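Work out the full structure: start from the sequences and follow the hints.
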Amino acid sequence: MGITILRLLFYVLIFPGCLFVTAIGLLLAGIDRKVLARMQRRVGPPIVQPVYDFFKLLGKETIIPHAANKTAFLAAPVVGFVSLVVLMLFIPVFSFSAFSGRADLIVVLYLLTIPGVALIVGGSASGSPYAGIGISREMVTMMAYELPLILVLLSVAKMAGGSALCFSLSDIVAWQEAHHSMIAHWQLIPAAVAMLLVIPAEVGTQPFDVAEAETEICEGPLIEYSGAPLAMFKLNTALKMFVMTALFVALFIGGIDTGIVALNALILVLLCIVLTVLCMTLIHAVTARLKIEHLFQFYWTFVTTLATVSLVLVWLGL
Amino acid sequence: MISYVHFPVLAVMGIFLGAFLEEIFGVHNKAARQGILVATTGIAFLLICALVKPVMFDGEVISYWMGDHVPVSGYAIGIGYEIDQLGLFFALLVVTTSLLSSIFSLRYMERDGMLGRFYVLFLMLCGAVLGLTLTGDIFNLFIMIEIMTFAAVALTAFRGERGFALEAAFKYLVLGSMGSSFTLAGIALLYLQCHTLNMAQLASMLHGNMTPVSVFAFGLMLTGLSVKAFIVPFHTPAADAYAAAPTCISMMFSGMVNKAGVYGVIRLVYVIFRAIDLPAMQVLLAIFGAVTMFIGVTMALAQHDFKRLLAFHSISQIGYVITAAALGTTLGLSGALFHAMNHTLFKGLLFLCAGSVLYSVGTTDLDRLGGLSKKMPQTTICFLIGAFSISGLPPFNGFASKWMVYQAIYAKAVESGNFLYALITVVAVVVSVMTLASFIKVTQAVFFGQCPVSCAGAKEVPLSMRIPMWVMSALCVITGVFYNQVEAWFLRPAVSAAFNVTHYIDVMMGEGTAAAFGISNVKAAAASFSYWDPILWLLLFVVVMAATGIVIITGARERGRILTPEGAEEDGKYATFFSGEKSLPSHVSGSDLFWGFKHDWKSYFRVMQGAHSGIINDYALWVVVGGAIITLWLTVFVR
Numbered sequence: 001m002g003i004t005i006l007r008l009l010f011y012v013l014i015f016p017g018c019l020f021v022t023a024i025g026l027l028l029a030g031i032d033r034k035v036l037a038r039m040q041r042r043v044g045p046p047i048v049q050p051v052y053d054f055f056k057l058l059g060k061e062t063i064i065p066h067a068a069n070k071t072a073f074l075a076a077p078v079v080g081f082v083s084l085v086v087l088m089l090f091i092p093v094f095s096f097s098a099f100s101g102r103a104d105l106i107v108v109l110y111l112l113t114i115p116g117v118a119l120i121v122g123g124s125a126s127g128s129p130y131a132g133i134g135i136s137r138e139m140v141t142m143m144a145y146e147l148p149l150i151l152v153l154l155s156v157a158k159m160a161g162g163s164a165l166c167f168s169l170s171d172i173v174a175w176q177e178a179h180h181s182m183i184a185h186w187q188l189i190p191a192a193v194a195m196l197l198v199i200p201a202e203v204g205t206q207p208f209d210v211a212e213a214e215t216e217i218c219e220g221p222l223i224e225y226s227g228a229p230l231a232m233f234k235l236n237t238a239l240k241m242f243v244m245t246a247l248f249v250a251l252f253i254g255g256i257d258t259g260i261v262a263l264n265a266l267i268l269v270l271l272c273i274v275l276t277v278l279c280m281t282l283i284h285a286v287t288a289r290l291k292i293e294h295l296f297q298f299y300w301t302f303v304t305t306l307a308t309v310s311l312v313l314v315w316l317g318l
Numbered sequence: 319m320i321s322y323v324h325f326p327v328l329a330v331m332g333i334f335l336g337a338f339l340e341e342i343f344g345v346h347n348k349a350a351r352q353g354i355l356v357a358t359t360g361i362a363f364l365l366i367c368a369l370v371k372p373v374m375f376d377g378e379v380i381s382y383w384m385g386d387h388v389p390v391s392g393y394a395i396g397i398g399y400e401i402d403q404l405g406l407f408f409a410l411l412v413v414t415t416s417l418l419s420s421i422f423s424l425r426y427m428e429r430d431g432m433l434g435r436f437y438v439l440f441l442m443l444c445g446a447v448l449g450l451t452l453t454g455d456i457f458n459l460f461i462m463i464e465i466m467t468f469a470a471v472a473l474t475a476f477r478g479e480r481g482f483a484l485e486a487a488f489k490y491l492v493l494g495s496m497g498s499s500f501t502l503a504g505i506a507l508l509y510l511q512c513h514t515l516n517m518a519q520l521a522s523m524l525h526g527n528m529t530p531v532s533v534f535a536f537g538l539m540l541t542g543l544s545v546k547a548f549i550v551p552f553h554t555p556a557a558d559a560y561a562a563a564p565t566c567i568s569m570m571f572s573g574m575v576n577k578a579g580v581y582g583v584i585r586l587v588y589v590i591f592r593a594i595d596l597p598a599m600q601v602l603l604a605i606f607g608a609v610t611m612f613i614g615v616t617m618a619l620a621q622h623d624f625k626r627l628l629a630f631h632s633i634s635q636i637g638y639v640i641t642a643a644a645l646g647t648t649l650g651l652s653g654a655l656f657h658a659m660n661h662t663l664f665k666g667l668l669f670l671c672a673g674s675v676l677y678s679v680g681t682t683d684l685d686r687l688g689g690l691s692k693k694m695p696q697t698t699i700c701f702l703i704g705a706f707s708i709s710g711l712p713p714f715n716g717f718a719s720k721w722m723v724y725q726a727i728y729a730k731a732v733e734s735g736n737f738l739y740a741l742i743t744v745v746a747v748v749v750s751v752m753t754l755a756s757f758i759k760v761t762q763a764v765f766f767g768q769c770p771v772s773c774a775g776a777k778e779v780p781l782s783m784r785i786p787m788w789v790m791s792a793l794c795v796i797t798g799v800f801y802n803q804v805e806a807w808f809l810r811p812a813v814s815a816a817f818n819v820t821h822y823i824d825v826m827m828g829e830g831t832a833a834a835f836g837i838s839n840v841k842a843a844a845a846s847f848s849y850w851d852p853i854l855w856l857l858l859f860v861v862v863m864a865a866t867g868i869v870i871i872t873g874a875r876e877r878g879r880i881l882t883p884e885g886a887e888e889d890g891k892y893a894t895f896f897s898g899e900k901s902l903p904s905h906v907s908g909s910d911l912f913w914g915f916k917h918d919w920k921s922y923f924r925v926m927q928g929a930h931s932g933i934i935n936d937y938a939l940w941v942v943v944g945g946a947i948i949t950l951w952l953t954v955f956v957r
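These protein sequence lines map, in sequence, to chains A and B. Mind the numbering: the first sequence is residues 1 to 318 in the working numbering, read in order. Mind the numbering: the second sequence is residues 319 to 957 in the working numbering, read in order.
The hints are all genuine.
Computed far set for chain B versus chain A, every beta-carbon distance over 10 Å: (1) Lys348; (2) Asp430; (3) Phe468; (4) Phe482; (5) Tyr509; (6) Leu510; (7) Gln511; (8) Asp595; (9) Val601; (10) Val609; (11) Val771; (12) Gly775; (13) Lys777; (14) Gly830; (15) Val942.
Using 16 Å as the maximum straight-line C-alpha spacing, the simulated EDC-like pairs for lysine to aspartate or glutamate come out as follows: (16) B/Lys920 to A/Glu293; (17) A/Lys291 to A/Glu219; (18) B/Lys693 to B/Glu778; (19) A/Lys291 to A/Glu214; (20) B/Lys916 to A/Glu293; (21) A/Lys34 to A/Asp53.
If you're looking for bench data, these hints aren't it; they were derived computationally from the structure. It should be emphasised that the depicted structure is a prediction, and the values quoted were computed from it without experimental measurement. We treat Cβ as the ideally placed atom computed from N, Cα and C, and that holds for glycine.
What follows is the structure, encoded as structure tokens:
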């Protein structure tokens, strides 16, 4: 009993919970910044710069605007952080899974919206008009990527389940071990591309960072944030990078199993770095920010078509 | 000690008696008025709750012949009440809603005149819907629908000094009467065919014996009841009526009046005609449900008024219920009933929050509200719980039921191989995100954001209005976290009652009747779902929250400082923030938060705006066309 509780606490607090997620998330954010800088022929900050930034912000004074609702303003970043960590506990690391037998695709889809809602509620609670515009854009972004995302998830579920309902993440990973990785099935390649395009919108990196848009609405929902709550929100962005790429790995590149948990985790981290560079840094380096209506159009036409193609192909049983 | 078989009829009679007592004693005397109101709704609540153990847990079906007119040689001649698990499930929703609404109305209605009349209609509405869920006689069901409709119309027009209340009541009157006429025509045709009005007997006689006339009657009745459930294209009076009626009535409209329509549809399709196993029937209802949820939510996104927005969300959520019920699977009907229950809870809660805002500020126009979270903190928390529930965020109840609905639809898709259901799953998820968007808009426009002058004097509402809100908030969380218990105690008996009609028939018409007509039980497979564990999720959430909390507390040196313009004068450090800068309001008004989205969808919204013309002739045409589609579809595909 005592051992079980200790093990659970280890899962929650160290691996794959708080500490692991935070460390890897910040690492990914650092690599993103460094590689981006190199792509733009800059020297760039050191890879640990996000860690420095995080601790620096923690030391700064927290100012609450007088128009703000204090409780919601301060609670929002914490709720976002906590739900991201809990979400990571439900995503299997190849064959290892802390609690992933207890969650399915729909649960993950909905847990993924909580950090976004936390950002929106926090921004809304700050009472600033800039934040008002920011949350409006954040919400439209969420509506934009949710349609392709559900199509991708349903294609994967259909592929793994055949003529039975298969929403469980660990079943999907197990299916990939028995067959091949999802990405190796040609019908799912459009869905994988769609998912890769959903990730930057979910994380909020350029060109899909309309909600924060520093140069026009001064980081939108974050405009009034300072000190520790701002540090939490910055950390949440870094965590989202890790959670989304890990979800991609679980859905499409599962089935690699070395039998050693530490090695599995290492492979996961390496894959996440590759995916981060591929779908966030690279796109960031070569594009400029979209307008919100263009972002919506992009997701509901181009990305949705990709995902729909996969869904239809899988349904036709090709 | 009266046996519990008398409880249902006592509950209904008690409420109707209360309505007459209100007219006699309550017109001038405030204490008598409020006493009668709370006593009757409270007694009905207790009587119906007392039935939970025998009916829900012990599986008994209560039959009650009025005046002891039992069937003569196999023909039902009297009016019979029959309370099975399905009926009791909806009756519980009705009595909960009426009790909470009556408590809320005590202070909410204090500024209105003619309250004696108001409460007569109020209790007539409660009694009619309760009687509708408990009756076993199809003509009695029609009577109850009529009382319900006319009480609802009169209540819609109650604040008639505002012109649009009369207009809304007129629309409701015309379309409601059309719905009732369709139902009555269907009942007449059925009586012509079967010479009985008892639902159990009809179910046994219609089994495997569907003539073209009875199919036509089925189509008419389905149309009539769909009008009562406000399914698209019959939804048009709902938006006006919900927005114009006093808020405690709007809450009852969405909590029980449209549930009465849903109950009627389920009872008709599952029990009386037992047509739910036909794929054509499933497709018809699923398409109507999907269209309903989509049009409801997109119309809600375009609204400027808090209550009107909630009204369109009611329509949209009923779409989920109908779609899930259309699947004809155990999981589907469980999801449908669960979502119907949750809709009663969270939409009731949201309407009460809207009512509180109206009570304290005097308007529900989203463009003129803002910043109420500091003036009305408790209402804000309740609203957020309701908004998160309806948007389906875990661990609130809306998530649990939507999750069951999605699973049911997609399971249906992969089992039947019908791609249509896969598309409906996608629509359902997208509608859920749009629901979230729409409630983010309300949160920003009403509770957060900047506080305009009109809201400066707002105060928290009185305790008697807060109690119903907190009760519903608590129920939203409890039913979401302990959904397994809700499923085992309430949903499973109700679902199995809907599928296994033999017991329903035998209890009413005598043992062996169902077997004599060759009816056997269809299926009672347990619904399978196990991948969502809200208690584990909450536990993990608490552990991580505690860990984060410890870090924050040990690390933080000072609490956040609240920055005000006055403070800036004393502390030169902040002067730059306020140096001559005026705090200007946002140029995006509260109702127009999603202009980016609306811009991309402008052609769709133009079509929708044209379709919702507000002209009653158009709406009546919609009902006729909708009815024609249903009837034609049934006569062609359902035999």
